[in-house]
Amino acid sequence: MNKNKTYPLWFAAGALILYSVLFVIPSLIGIGYSFTDWSSYSDELHFVGLENFKTIFSADENYIKIITNTLSFTLVTTVLKNGIGLAMAILLTKKIKALNFHRGIMFMPNVLSTLIIGMIFSSILNPSKGILNVFLRSVHLDFLAKQWLTKSQYAFGTVMAVDIWRGVGYIATVLIAGIMSISSDYYEAAAVDGANGWQKFRSITLPLLLPTLATTTVLNVIYGLKVFDMIYALTNGGPGKATTEVLYTAVFKKFGTGQYAIGTALSSVMFVFMVIIGFFMIRVMTKDEVQE
Amino acid sequence: MKKRLLAAILSATMVIGLTACGSSQAAAPAAPATPAATEEKAEEPAAEEKAEEPAAGDVTISFMASQDWVQDAELELAEKFTEQTGIKVDYQIIPSDQYTNLLMTKINTGECTDIFGGQSGQFDIVTQFNVEKNAVDLSGESWAGNVDPLAAAELTAGGKLYGQPIQDVSAVWAIAYNKTIFADLGLSVPKDYASFMDACDKIAATGVTPVYEAVSDGWHHVLWFPETCVAVEAKAPGTAAKYNNNEGTFAENETMKLILSQMNEMIAKGYWGEDYMSNEYANAAQEVADGNYAMVVANEGFGEEVEAIGAGLSKDDIGYFVIPLADNQTMNVNPAGPSRFIYSGSEHQAEAKQYLEFLASEESLTYLTENVPKFNKLPFSNAPAMYEGSVKEFYDTFAANQGTVYQTAVKYVNPQWMEIGADLSAMFLGEMTEDEVLANIDKLRAEQAAAASDPAWN
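One line per chain: the protein sequences are S and W, in this order. With the first letter of the first sequence counted as 1, position 289 gets the number 289 in my numbering; the numbers rise by one all the way through. With the first letter of the second sequence counted as 1, position 68 gets the number 360 in my numbering; the numbers rise by one all the way through.
Check each hint, because a few of them may be wrong.
Said to hold, decoys possible - Quick list of in silico lysine to any residue cross-link-like pairs, SDA-like style, CA-CA up to 20 Å: (1) Lys146/S <-> Lys607/W; (2) Lys94/S <-> Phe107/S; (3) Lys425/W <-> Lys65/S; (4) Lys129/S <-> Lys684/W; (5) Lys684/W <-> Glu711/W; (6) Lys54/S <-> Glu739/W; (7) Lys129/S <-> Asp509/W; (8) Lys146/S <-> Gly565/W; (9) Lys129/S <-> Glu723/W; (10) Lys425/W <-> Pro665/W; (11) Lys607/W <-> Glu723/W; (12) Lys425/W <-> Leu45/S; (13) Lys151/S <-> Glu711/W; (14) Lys669/W <-> Lys684/W; (15) Lys65/S <-> Glu723/W; (16) Lys226/S <-> Thr397/W; (17) Lys129/S <-> Glu711/W; (18) Lys146/S <-> Glu723/W; (19) Lys151/S <-> Gly562/W; (20) Lys129/S <-> Gly565/W; (21) Lys129/S <-> Gly583/W; (22) Lys151/S <-> Asp382/W; (23) Lys425/W <-> Glu44/S; (24) Lys735/W <-> Ser42/S; (25) Lys94/S <-> Thr217/S.
FYI, nobody ran anything at the bench for these hints, they're computed from the structure. Predicted model, so just to flag it, every value in this text is computed and none were measured.
Given the sequences, and given the hints that come with them, work out the whole structure.
Next comes the structure, spelled out in structure tokens:
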């Protein structure tokens, strides 16, 4: 028997069929529905061409804002979670007291349900009775006590800050694993050559951590594009028209009001974004692999 | 070759299995004779036997409702019902800002609870809930004839009754005010917008915030607009009927613009305080009882809620007057309100009907009226009436001049309540103008009418 013989393609048939039936076909049907006027108000279904997409991209609607919100949420949280996560990972791989305790505390927010975090923070951030503003007023920093979730200029930043607080521990944990897998030989050799801390970080830690950072970036981007529960629990898309509305909260609301066609069209737009972003990310990641 | 054949057969079996699963879910009544379906059928007699067992001890009916709709007294009645029948009632109470979305998603995906709460309204129960498809006809129930005719009309579609009222619909959303504060400042009940603003001004000068408003709930601040639209009808009778025939728009209605601009003015002058965007209506009684706020849009049980706080104010220290925006002096009556519907896809329709019958019994209605402060007269002929004190005074003053609120009188307003709420909060934040809010209501009405194939719009 030839041990090197690759398995024939039809061995994958079961998995492919399952995947097609449960994921690919429903996705394609969803895209199909986005060209119709499907709604809960009528049992009839008509083909309307690109009408729903015209609505989404029309200036009269705020879908553009929703898409922009989603993309900026993804960008900001990805950059900050990676940045802060990296800083924390470096700190928590040093020889410090009660290391595991610190690591545990850092990871804790990630264990809690997002909805519960949302409810807790709604209370913490209450403008008059929330502990944040009460604390700020007690130390005479009244000018910093803002209406965090109910003023349009602060709401989106606040939501992102809470999400970064929740997610950064997880990213730091992944990066800690990455840093610990770097052989200490490199650092010892660099020390012999007289390298300082910054040089060691720039020339050893960062390059060898790039594949891990690529993984955390992918995780963050996917999470950011799909974010729903945090926003739903904190602001439900408000205050006002669509200050913190993102694609999934909008899709949920459209389905809730029975406007399925617009909902599926939004999902399709989201799908296109994910494909484009995913394509470029995979290219960047495979480029790294080739170099290694 | 044999292996290849075996694999092909296995793959084919799997495909058939999958499609069989799919079709038996999509069209359950006409299950095809696939092996999977035969197995299901073989199990059916056992299931039937279970259902026929006399003890209904295992049955739990689920009931989904919005936060403020289900009272403690109703939960106590549910326990009594369980004691009597063995049928358990599982209440799923949903935060009010998320309720409509969640309910519609559950109905539209076919996963609704056995009983669901929904706002009544002769147009909305058809266009929004599609009761003829999603709810069970309750016309034949023993209590159906007891439902107040005005309330029943809002629950009827195609001549059939589909729901049962939950709350006292005689209650009017009026401005509940602290009589003590008014008396101390020598203020009389405002009869128009100018005197209302004058009262707010004097109250604000004492350090008390004039009006408690709760925008974060998403629904409460909306009341100011469609409830006060009785003024629109008072100024131009027949306007609601015109809107239902798609004649004229909200955007060109001067009274509506005036109402919205006066809401903005109240906020600009600080009469709603600093925290109106994050306040919750659930805290209204506490805040008024503590003397932090002087007024709130509430219904007539509010006095009892304030008294129950135990901060020194009695229920008769709270008085009521109609919302005087646009100089309104018409009492804003709404025969529609939260109601119970039995989901047509429920497996426990008989038990759910039994529960509704229990709730509509004279004993239950009396229990609810006596134990829920805000209930004065539930809309059933066999329910007791308990108007007294400040509430009686209010009804005596305004009962002669009544109008139906616009979320009930005009089609396609109530289903967009939360959207109006979002637009109004955008208006408060300066993101939208009054004209844009009204134009958006017109736009959403047109979209819903088109989707519902309303002949007046097509």
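Hint check:
1. Lys146/S <-> Lys607/W: Cα-Cα ~36 Å, so violated.
2. Lys94/S <-> Phe107/S: 17 Å, holds
3. Lys425/W <-> Lys65/S: It is violated: about 36 Å lies between the C-alpha atoms, which goes past 20 Å.
4. Lys129/S <-> Lys684/W: Distance ~37 Å between Lys129/S and Lys684/W Cα, so the pair is violated.
5. Lys684/W <-> Glu711/W: At roughly 35 Å apart (the allowed maximum being 20 Å), Glu711/W and Lys684/W break the hint.
6. Lys54/S <-> Glu739/W: With Cα atoms ~15 Å apart, Lys54/S and Glu739/W stay inside 20 Å; holds.
7. Lys129/S <-> Asp509/W: Given pair Lys129/S, Asp509/W holds - Cα atoms ~17 Å apart, limit 20 Å.
8. Lys146/S <-> Gly565/W: Holds - the C-alpha atoms of Gly565/W and Lys146/S are around 15 Å apart, at most 20 Å.
9. Lys129/S <-> Glu723/W: 26 Å, violated
10. Lys425/W <-> Pro665/W: Roughly 35 Å between the alpha carbons, so the hint for Lys425/W and Pro665/W is violated.
11. Lys607/W <-> Glu723/W: 39 Å, violated
12. Lys425/W <-> Leu45/S: Roughly 17 Å between the alpha carbons, so the hint for Lys425/W and Leu45/S holds.
13. Lys151/S <-> Glu711/W: The given pair, whose Cα atoms are some 18 Å apart, holds under the 20 Å limit.
14. Lys669/W <-> Lys684/W: Since the Cα atoms of Lys669/W and Lys684/W sit roughly 12 Å apart, the hinted pair holds (cutoff 20 Å).
15. Lys65/S <-> Glu723/W: Since the Cα atoms of Lys65/S and Glu723/W sit roughly 13 Å apart, the hinted pair holds (cutoff 20 Å).
16. Lys226/S <-> Thr397/W: Distance ~19 Å between Lys226/S and Thr397/W Cα, so the pair holds.
17. Lys129/S <-> Glu711/W: 28 Å, violated
18. Lys146/S <-> Glu723/W: Holds, because 19 Å separates the two Cα atoms, which is no more than 20 Å.
19. Lys151/S <-> Gly562/W: 16 Å, holds
20. Lys129/S <-> Gly565/W: 14 Å, holds
21. Lys129/S <-> Gly583/W: 17 Å, holds
22. Lys151/S <-> Asp382/W: Roughly 38 Å separates the two Cα atoms, so the pair is violated.
23. Lys425/W <-> Glu44/S: With a Cα-Cα distance of about 15 Å, the restraint between Lys425/W and Glu44/S holds, given a limit of 20 Å.
24. Lys735/W <-> Ser42/S: It holds: about 18 Å lies between the C-alpha atoms, which stays within 20 Å.
25. Lys94/S <-> Thr217/S: 24 Å, violated
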